[in-house]
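There are 2 protein chains.
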Amino acid sequence: MLPFKTLLSLQRKSSIPVYRQIAHGLMDLIRSGIMQPGSFLPSSREMAVQLQVHRKTVVAAYEELFSQDWIETMPRKGVRVSPLLPEIRPRTFKSVPKINGYSADAGFSFRRMGPWVAMSPAGSKPRLVLNDGFPDARIAPIEELMKTYRRYFRLTTTERSVMYSDPAGSIRLRDAIAAFLSDSRGLNVERSHVLISSGAQMAIYMAANMLIQNGSTVLVGEPNYPNANFIFQQLGASLIRVPVDEYGIDVDRIDRICRRKKPSLLYIVPHHHHPTTVTLSADRRMKLLQLINTHRLPVIEDDYDYDFHYGKGPILPLATADHGGRVIYVGSLSKCLASSIRVGYMVAPQDFIKEASSLRRMINIRGDILLEEALADLYHSGAMQRHIRKSVKLYRERRDRFCEMLADAMGDKIAFNVPPGGMAAWVRFREEYPLPGIAQEAARLGLFMSDGHFYNSGSVRYNALRMGFASLNEQEMTEIVAILKKLTERTGRLSDS
Amino acid sequence: MLPFKTLLSLQRKSSIPVYRQIAHGLMDLIRSGIMQPGSFLPSSREMAVQLQVHRKTVVAAYEELFSQDWIETMPRKGVRVSPLLPEIRPRTFKSVPKINGYSADAGFSFRRMGPWVAMSPAGSKPRLVLNDGFPDARIAPIEELMKTYRRYFRLTTTERSVMYSDPAGSIRLRDAIAAFLSDSRGLNVERSHVLISSGAQMAIYMAANMLIQNGSTVLVGEPNYPNANFIFQQLGASLIRVPVDEYGIDVDRIDRICRRKKPSLLYIVPHHHHPTTVTLSADRRMKLLQLINTHRLPVIEDDYDYDFHYGKGPILPLATADHGGRVIYVGSLSKCLASSIRVGYMVAPQDFIKEASSLRRMINIRGDILLEEALADLYHSGAMQRHIRKSVKLYRERRDRFCEMLADAMGDKIAFNVPPGGMAAWVRFREEYPLPGIAQEAARLGLFMSDGHFYNSGSVRYNALRMGFASLNEQEMTEIVAILKKLTERTGRLSDS
Numbered sequence: 001m002l003p004f005k006t007l008l009s010l011q012r013k014s015s016i017p018v019y020r021q022i023a024h025g026l027m028d029l030i031r032s033g034i035m036q037p038g039s040f041l042p043s044s045r046e047m048a049v050q051l052q053v054h055r056k057t058v059v060a061a062y063e064e065l066f067s068q069d070w071i072e073t074m075p076r077k078g079v080r081v082s083p084l085l086p087e088i089r090p091r092t093f094k095s096v097p098k099i100n101g102y103s104a105d106a107g108f109s110f111r112r113m114g115p116w117v118a119m120s121p122a123g124s125k126p127r128l129v130l131n132d133g134f135p136d137a138r139i140a141p142i143e144e145l146m147k148t149y150r151r152y153f154r155l156t157t158t159e160r161s162v163m164y165s166d167p168a169g170s171i172r173l174r175d176a177i178a179a180f181l182s183d184s185r186g187l188n189v190e191r192s193h194v195l196i197s198s199g200a201q202m203a204i205y206m207a208a209n210m211l212i213q214n215g216s217t218v219l220v221g222e223p224n225y226p227n228a229n230f231i232f233q234q235l236g237a238s239l240i241r242v243p244v245d246e247y248g249i250d251v252d253r254i255d256r257i258c259r260r261k262k263p264s265l266l267y268i269v270p271h272h273h274h275p276t277t278v279t280l281s282a283d284r285r286m287k288l289l290q291l292i293n294t295h296r297l298p299v300i301e302d303d304y305d306y307d308f309h310y311g312k313g314p315i316l317p318l319a320t321a322d323h324g325g326r327v328i329y330v331g332s333l334s335k336c337l338a339s340s341i342r343v344g345y346m347v348a349p350q351d352f353i354k355e356a357s358s359l360r361r362m363i364n365i366r367g368d369i370l371l372e373e374a375l376a377d378l379y380h381s382g383a384m385q386r387h388i389r390k391s392v393k394l395y396r397e398r399r400d401r402f403c404e405m406l407a408d409a410m411g412d413k414i415a416f417n418v419p420p421g422g423m424a425a426w427v428r429f430r431e432e433y434p435l436p437g438i439a440q441e442a443a444r445l446g447l448f449m450s451d452g453h454f455y456n457s458g459s460v461r462y463n464a465l466r467m468g469f470a471s472l473n474e475q476e477m478t479e480i481v482a483i484l485k486k487l488t489e490r491t492g493r494l495s496d497s
Numbered sequence: 001m002l003p004f005k006t007l008l009s010l011q012r013k014s015s016i017p018v019y020r021q022i023a024h025g026l027m028d029l030i031r032s033g034i035m036q037p038g039s040f041l042p043s044s045r046e047m048a049v050q051l052q053v054h055r056k057t058v059v060a061a062y063e064e065l066f067s068q069d070w071i072e073t074m075p076r077k078g079v080r081v082s083p084l085l086p087e088i089r090p091r092t093f094k095s096v097p098k099i100n101g102y103s104a105d106a107g108f109s110f111r112r113m114g115p116w117v118a119m120s121p122a123g124s125k126p127r128l129v130l131n132d133g134f135p136d137a138r139i140a141p142i143e144e145l146m147k148t149y150r151r152y153f154r155l156t157t158t159e160r161s162v163m164y165s166d167p168a169g170s171i172r173l174r175d176a177i178a179a180f181l182s183d184s185r186g187l188n189v190e191r192s193h194v195l196i197s198s199g200a201q202m203a204i205y206m207a208a209n210m211l212i213q214n215g216s217t218v219l220v221g222e223p224n225y226p227n228a229n230f231i232f233q234q235l236g237a238s239l240i241r242v243p244v245d246e247y248g249i250d251v252d253r254i255d256r257i258c259r260r261k262k263p264s265l266l267y268i269v270p271h272h273h274h275p276t277t278v279t280l281s282a283d284r285r286m287k288l289l290q291l292i293n294t295h296r297l298p299v300i301e302d303d304y305d306y307d308f309h310y311g312k313g314p315i316l317p318l319a320t321a322d323h324g325g326r327v328i329y330v331g332s333l334s335k336c337l338a339s340s341i342r343v344g345y346m347v348a349p350q351d352f353i354k355e356a357s358s359l360r361r362m363i364n365i366r367g368d369i370l371l372e373e374a375l376a377d378l379y380h381s382g383a384m385q386r387h388i389r390k391s392v393k394l395y396r397e398r399r400d401r402f403c404e405m406l407a408d409a410m411g412d413k414i415a416f417n418v419p420p421g422g423m424a425a426w427v428r429f430r431e432e433y434p435l436p437g438i439a440q441e442a443a444r445l446g447l448f449m450s451d452g453h454f455y456n457s458g459s460v461r462y463n464a465l466r467m468g469f470a471s472l473n474e475q476e477m478t479e480i481v482a483i484l485k486k487l488t489e490r491t492g493r494l495s496d497s
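Quick mapping for you: the protein sequence lines, in order, are chains H and R. One point on numbering: in the numbering used here, the residue at position 201 of the first sequence is 201, and numbering is uninterrupted. One point on numbering: in the numbering used here, the residue at position 39 of the second sequence is 39, and numbering is uninterrupted.
Some hints could be false.
Some chain R residues near chain H, calculated using beta-carbon distances under 8 angstroms [claimed, not checked]:
(1) 36
(2) 201
(3) 283
(4) 321
(5) 338
(6) 409
(7) 448
(8) 450
Please keep in mind that the hints were generated in silico from the structure rather than gathered at the bench. Where a beta carbon is used, it is the ideal one built from N, C-alpha and C, also for glycine.
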């Protein structure tokens, strides 16, 4: 008889029942060729004695094996490994595989996705976090949203199935977004131009997926929203980086590039540029529209925080102008409510939306339709619009307060403009104050912040980060600015001495 | 003076304020070259008269244009279009672009995603829907889930940021799933082997994305889960279809294929095969494990409804055996709770999970972390496990009842096996009863059902569909079977006569 006690090594404290451990262990012995097809097992009584378990436990294990065709009962002869199983050359006992283990490395090669820079603290639990521009979820109409969301769970399967009928997402939400875009941005679209995605990120991913292939080139700003760059590169495109100055992206440069070669795509954030928050000037905007049409250049216009503008009137999107169906407009509800509510949208010509809907279904077959329906209700009741107005008022105050604190505490060590909108300021540190060191020290004082290398690209080092003010209350701001002040003063003393 | 009244065509009943309509209209006139840079606008008084609006409305419109640098004020001369704007050759009035319109067709070419077959009713509102295997969301512990979910919304931004720290998804949920997989399937994995996705679909999409390139070949069952086929094809792979019989996929055939060429991937549903619900026999399973190792064949094992098994013991996943880190195991929480809760997971070697996490962030930057945390609580409290036990009991009864009704009502016209688990039966109609006609008639009687062509592939026509019983109560079943009976009898009479 095989040394089952050693081979099976049962763990009585495991949450896996012992009978299952026996059954799984025996399967492994069969699989690894130690027990051959047709060979007999000890009787349940013998096995129980050897393993020092109750006989019923062994019987249960044998029943499991039996029900799965691993073993068969021979009348008056006992139990044997099914002779129908294929023969395997036995290995030595030493090489018995680690039972049920998953290795660290895959047994095949696969595509590497490239680095991902953490934007959040790992492991530690900081007291404070400086994010790159989140809304304050604490003021969002979550109770109202959840009430409706729960109510929709009580619908019958039939009622839900009807909701699922359109692969572009909830019909009611798409109607609501089309109406909202028309009211707020003069974007004259209807449901068939709108597709719901899991956040603006997924909309960018899908549009890029349909426009880029291996070897494509994509025009992006320098600096640019890094997560968009990652997408384009992952899809096999190479980037042409076009400088962004105080008037936005250099449109003449785009024109010159387009004369030489045909890029597959321009990705642009004209309103509150990410990360710098600058707005594309009216003359550049007009030139850009002209050259989009001249060069038939497809554009992703990322307008992630249009609704949060603190100046007189927000600049209208490119999508509102005459662009010959070449602008794919991307927006986000996550920025309106809470970053954990992953709902965004893509606006595009109908043929593009139709194909993108197929892609959406491949990635996320149905979407969270009940959440989408509940969000539609937020628009219908006006709660969304009220919440945005309330947020704009609050965030404007927070922006003013935060920028004032920042200027007071360390105005000589940093450079920043008061952002015209959005949820973050783009703050460049003088080079005597290198961010990696400051971020590391900040972590020790309980503040997680970016060390800035998220925004560096190739040869360009910014020593800058986005400081999200919208989610911070007065006390959090005060504490964060105090830490930054302390650390830059300390760094300053160190470099003076 | 230009005929502004005609050019601007204001709509007083629009939800867009009139002053904005004026401002947007003037922008369009500037953009289209009808109003040239440097040209003067009528005074607000003159414009008000012409447009028959209050002067204040025109002033508001001019202010908006001014704040966006479209126009400038010349002291004592009036208001003119900014001379800094680029000159555009004027078009005739006739070609004034439709203001703010989005066309039906994109102004660029893009990748077509291929057809998508609707699985839900569009337009009409049927009384009854026969889905392809949904859980019954009405019995899910939604109240408990929602209570926690709402509570998490009250967390501070800092507390949330900490939750976001891992790009593979909620740490607590991944721990809970690892423990659950170990308890229920003997899958000895830990958090670092688990990635949270938006449903099993996204996990398949991501894994395939990392394994397939243009020109790859993928082994799939015939028939197969069509949505998986769509993914592989969209990623540029060609499919090799391997027959599925009553013992599951033909493993010898897979072996022969692998000897000739090296496929990039095998996609398999060994437990309750989709769509046929057959289970891979133990001997084939062993042979398959051998050849996975011999040919170093990467495998996606889709085990979407493992927990819903009504026989003695469910068959263990391939992932539980010794596969040399070659099996990527995919599962779903949507099947446990409600199809609208889009949470699934991928289990794989750590290096694969790490890269897949980068891809996950590209597609959906953060995921719904609060929902993930709330789901973790469902596992911790045991509510998830209790719910699964309760569901298995109910669904087993519903399976028995449904199959009994089906056999009674139309046993001579269809062929099906009582499925050993899962939420649907695979029902083949005799060819005298073509499904397209029956589905069309059913729609008239208020029942939406698949017409079966979802499962057809190339030359193979099944005249079959999955009938989801798990989400149907007694009354719904009775009504649906009565409609099917009536329609097949009618079809029978027609073909007899």
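Comparing the hints with the structure gives:
1. The interface hint given for residue 36/R is violated, since its Cβ lies 12 angstroms from the closest Cβ of chain H, which is over the 8 angstroms cut-off.
2. A distance limit of 8 angstroms between C-beta atoms decides the matter here; for residue 201/R the minimum to chain H is near 4 angstroms, and the interface restraint holds.
3. Taking 8 angstroms as the C-beta contact cut-off toward chain H, the hint placing residue 283/R at the interface holds, the least distance being around 5 angstroms.
4. For residue 321/R, the shortest C-beta to C-beta distance to chain H is roughly 6 angstroms, which falls under 8 angstroms, so the interface hint holds.
5. With a least beta-carbon distance of about 7 angstroms to chain H, the hint placing residue 338/R at the interface is held under the 8 angstroms criterion.
6. Proximity of residue 409/R to chain H is violated relative to the hint, the smallest CB-CB distance being about 20 angstroms (cut-off 8 angstroms).
7. The interface hint given for residue 448/R holds, since its Cβ lies 7 angstroms from the closest Cβ of chain H, which is under the 8 angstroms cut-off.
8. Annotation: interface hint on residue 450/R violated; nearest CB of chain H at approximately 12 angstroms, more than 8 angstroms.
Hint violations for this structure: numbers 1, 6 and 8, all remaining hints satisfied.
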